[in-house]
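*Asks:* Heads up: the protein sequence lines correspond to chains U and A, in order.
Per my numbering, the first sequence runs over residues 339 to 625.
Per my numbering, the second sequence runs over residues 22 to 363.
Derived by calculation from the structure, the hints in this document are not laboratory data.
Possibly wrong hints are sitting among the right ones.
[To be verified] The calculated label-pair distances, taken between Cβ atoms and stated as ranges, are:
#1 Asn-122(A) / Leu-433(U): 20 to 28 Å
#2 Leu-343(A) / Gln-612(U): 35 to 43 Å
#3 Gly-480(U) / Leu-175(A): 47 to 55 Å
#4 Leu-418(U) / Leu-81(A): 28 to 36 Å
#5 Val-347(A) / Val-607(U): 32 to 40 Å
#6 Leu-84(A) / Arg-539(U): 23 to 31 Å
#7 Leu-175(A) / Asp-391(U): 27 to 35 Å
#8 Thr-405(U) / Pro-281(A): 53 to 61 Å
#9 Thr-397(U) / Leu-343(A): 52 to 60 Å
#10 Leu-343(A) / Gln-486(U): 32 to 40 Å
#11 Arg-539(U) / Phe-77(A): 20 to 28 Å
Cβ coordinates follow ideal geometry from the N, Cα and C atoms, glycine included.
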Amino acid sequence: MSEQQHTEAGRRSGGVLNVFAHSFLVVWVVMAAGPLIWVAISSLRPHADLVADPFGLPTNLAWENFTNAWTNADIGRYTLNSLIILAGSLTGTMLLGSMAAYVLARFSFRGNRVIHLLFVGGMMFPVFLALVPLFFVLNNFGLLNTRQGLIIVYIAYSLPFTTFFLVSFFRTLPTGVQEAATLDGASHTRTFFQIMMPMARPGLISIGIFNFLGQWNQFVLPRVLNVGDPDDAVLPQGLAALMVQQGYEGDWGALYAGVTMAMLPVLVVYVTFQRQVQTGLTAGAVR
Amino acid sequence: MEVRTPREAESPPPPCTRLHLAAAFFLPPRFTPRRVRYDRRYRKLDTYRFISWFLFLPLLVYLLFVVSPFLQAFFYSMTDWSGFSSAYNFTGFENYERLWNDDAFWDAMGNSLVLLVLAPVITLGLGLFFAFMLNAGGRRRRNEAVSGVFGSRLYKVVYFFPQVLSLAIIAVIFARALSPRSGVLNEGLGAVGLDSWQREDWLGGDLALWCVLFVLCWSFVGFYVVLFSAAMSAIPGEIYEASLLDGANRSVTFFRITLPLTWDTVRTGWIYMGIQALDAFALVNVMVPEHGMDVVPSYLFEKAFRDGQAGYATAIGVALFLVTLVFSVLMMFVGRRERIEY
Numbered sequence: 339m340s341e342q343q344h345t346e347a348g349r350r351s352g353g354v355l356n357v358f359a360h361s362f363l364v365v366w367v368v369m370a371a372g373p374l375i376w377v378a379i380s381s382l383r384p385h386a387d388l389v390a391d392p393f394g395l396p397t398n399l400a401w402e403n404f405t406n407a408w409t410n411a412d413i414g415r416y417t418l419n420s421l422i423i424l425a426g427s428l429t430g431t432m433l434l435g436s437m438a439a440y441v442l443a444r445f446s447f448r449g450n451r452v453i454h455l456l457f458v459g460g461m462m463f464p465v466f467l468a469l470v471p472l473f474f475v476l477n478n479f480g481l482l483n484t485r486q487g488l489i490i491v492y493i494a495y496s497l498p499f500t501t502f503f504l505v506s507f508f509r510t511l512p513t514g515v516q517e518a519a520t521l522d523g524a525s526h527t528r529t530f531f532q533i534m535m536p537m538a539r540p541g542l543i544s545i546g547i548f549n550f551l552g553q554w555n556q557f558v559l560p561r562v563l564n565v566g567d568p569d570d571a572v573l574p575q576g577l578a579a580l581m582v583q584q585g586y587e588g589d590w591g592a593l594y595a596g597v598t599m600a601m602l603p604v605l606v607v608y609v610t611f612q613r614q615v616q617t618g619l620t621a622g623a624v625r
Numbered sequence: 022m023e024v025r026t027p028r029e030a031e032s033p034p035p036p037c038t039r040l041h042l043a044a045a046f047f048l049p050p051r052f053t054p055r056r057v058r059y060d061r062r063y064r065k066l067d068t069y070r071f072i073s074w075f076l077f078l079p080l081l082v083y084l085l086f087v088v089s090p091f092l093q094a095f096f097y098s099m100t101d102w103s104g105f106s107s108a109y110n111f112t113g114f115e116n117y118e119r120l121w122n123d124d125a126f127w128d129a130m131g132n133s134l135v136l137l138v139l140a141p142v143i144t145l146g147l148g149l150f151f152a153f154m155l156n157a158g159g160r161r162r163r164n165e166a167v168s169g170v171f172g173s174r175l176y177k178v179v180y181f182f183p184q185v186l187s188l189a190i191i192a193v194i195f196a197r198a199l200s201p202r203s204g205v206l207n208e209g210l211g212a213v214g215l216d217s218w219q220r221e222d223w224l225g226g227d228l229a230l231w232c233v234l235f236v237l238c239w240s241f242v243g244f245y246v247v248l249f250s251a252a253m254s255a256i257p258g259e260i261y262e263a264s265l266l267d268g269a270n271r272s273v274t275f276f277r278i279t280l281p282l283t284w285d286t287v288r289t290g291w292i293y294m295g296i297q298a299l300d301a302f303a304l305v306n307v308m309v310p311e312h313g314m315d316v317v318p319s320y321l322f323e324k325a326f327r328d329g330q331a332g333y334a335t336a337i338g339v340a341l342f343l344v345t346l347v348f349s350v351l352m353m354f355v356g357r358r359e360r361i362e363y
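Here chain U stands alone, though its shape is the one from the complex (with noise of 0.2 Å):
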């Protein structure tokens, strides 16, 4: 086969593939984003165009939808606890863990090898394991079913990962600007959260937004430890009721509102930030 044949059987057989990788791959984008677009299309119509055909487009848009879930669904409520409870959660896994990063890497002393090891083991067992236990340690405190509570367990529990991805983070941070800074007579306090803590600002980005999504979504830890009050439940939680709810007195109209407005700040802020959050959530898995 000539250079010429071979290119040109080449570009052919690419065009063939190009039209079907094509195919396969806008049929998973309908796939992907289809049950997405279908929530927030119905959760423009009324309850009972809904019934009659599920597949519709809205006629009139039923606005009131929104309201219901907003103010009679309390989904306004739930989402207020669960930004609550972030907002203590996130701000004390960055502050912890960035603490705890920051020696274990930068510092050798007697345990460093110990207590690293203590962290990352952490990531390696089920959550379910420790369930249990877990309930009644908080019982004991008097944090069960409490905000404090949750957001401590939340801290705890993003420690492993936060610890473990900062340190090595930290440790790829140059030497000598911590030197620099020592000789100019800072204290080691001052220096790591003058100087450290900006340097390292991309991967606390990265583990940042790992965490909120993480403590945003979480499930299993509200479902177990924050069981008392249903005014206190958090996003995830309050749409699960809203479904078993909305099933008997029959407002689907209401829970599909409900659901986009859980779906669309998410989805915003991932569209905006993509690539941070793309890169931040695959360096979560590649251990």
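Take the given structure of chain U and dock chain A to it, following the hints.
*Replies:* Okay, now just chain A, sitting in the frame of chain U:
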């Protein structure tokens, strides 16, 4: 590492200085007497003080809420503790014996194992397929052995959607889609004339496991597409060019070059996906009606927080832990090969 002079190592500090140094460990620097602050041992002490106050809080939280429950679990799994009161008796291996003879547990374990085996195969298979299509399915340009498809960024953005949503939200969406009355699946089957395929019990009967498997794969494929295509785009183009010159077609390219060179990532993904599939708690808890089906975590949840058998439930937890451990160790050894550097 600091270099010690022999003299320093020889002379231990006098008791009085030692006391001062010990006090300085707990005092803020401004209250430390100058004499101690200018002692040559003070710098080391300062470092250790910093290390301990930075590690104290993270370690405390971690030990109290993660490590101690883990350790307690092994102990409580050998008691008849109900969880309602603090009273319990030590019963040895009774719970494990009961577990061995518990049909409901084995049903749940069977379901979990099906998910553990099938979900990674399907998810990683689809993930590799789409990632390869994204990275090598493009129209071949001059001077390029492989080329990504047009708009691969956009594909990756959309594929990743389910990954950023809570599994609880996904479970709610699919519970509605699979519901017997005016659920999208049944209505859709009716619309294309497959009325006989409509089912009353997508989520209530034997089909529930397959529905959970489907939703699990659906929600994780996008993540692995992104992961694998990152690994694939790290393969240098010259390798593909060389194989092209040798006359390799796409499937040979995939199995002989792409797959071996991304193998490390695939194997890590396998362990990760297996552990995610073993969980599936949110899906079963939200999507499947009560008594439809159980996986090990949902069975544990019922025993602990509905039936008041906390001791027995922790025994189930230990069993789950063992399965996770065996699976991870197995995967570490199966398919291990020399790391390829390029």
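*Asks:* Take the hints in turn and mark each one as holding or not.
*Replies:* Quick rundown of the hints versus the structure:
1. Asn-122(A) / Leu-433(U): 20 to 28 Å: 49 Å, violated
2. Leu-343(A) / Gln-612(U): 35 to 43 Å: About 39 Å separates the Cβ atoms of Leu-343(A) and Gln-612(U), which means 35 to 43 Å holds.
3. Gly-480(U) / Leu-175(A): 47 to 55 Å: The hinted range 47 to 55 Å holds for Gly-480(U) and Leu-175(A), with Cβ atoms some 50 Å apart.
4. Leu-418(U) / Leu-81(A): 28 to 36 Å: Roughly 29 Å apart at Cβ, these two residues keep to the hinted range, so it holds.
5. Val-347(A) / Val-607(U): 32 to 40 Å: Taking Cβ atoms as reference, Val-347(A) and Val-607(U) lie about 38 Å apart, which means the hint holds.
6. Leu-84(A) / Arg-539(U): 23 to 31 Å: At roughly 29 Å between Cβ atoms, Arg-539(U) and Leu-84(A) fall inside 23 to 31 Å, so the hint holds.
7. Leu-175(A) / Asp-391(U): 27 to 35 Å: For Asp-391(U) against Leu-175(A), whose Cβ atoms are near 31 Å apart, the range 27 to 35 Å holds.
8. Thr-405(U) / Pro-281(A): 53 to 61 Å: Check passed, 57 Å falls within 53 to 61 Å.
9. Thr-397(U) / Leu-343(A): 52 to 60 Å: The hint (52 to 60 Å, Cβ to Cβ) holds, given that Thr-397(U) and Leu-343(A) are roughly 56 Å apart.
10. Leu-343(A) / Gln-486(U): 32 to 40 Å: 34 Å, holds
11. Arg-539(U) / Phe-77(A): 20 to 28 Å: 25 Å, holds
In this structure, only the earlier hint numbered 1 is contradicted, and the remaining ones agree with it.
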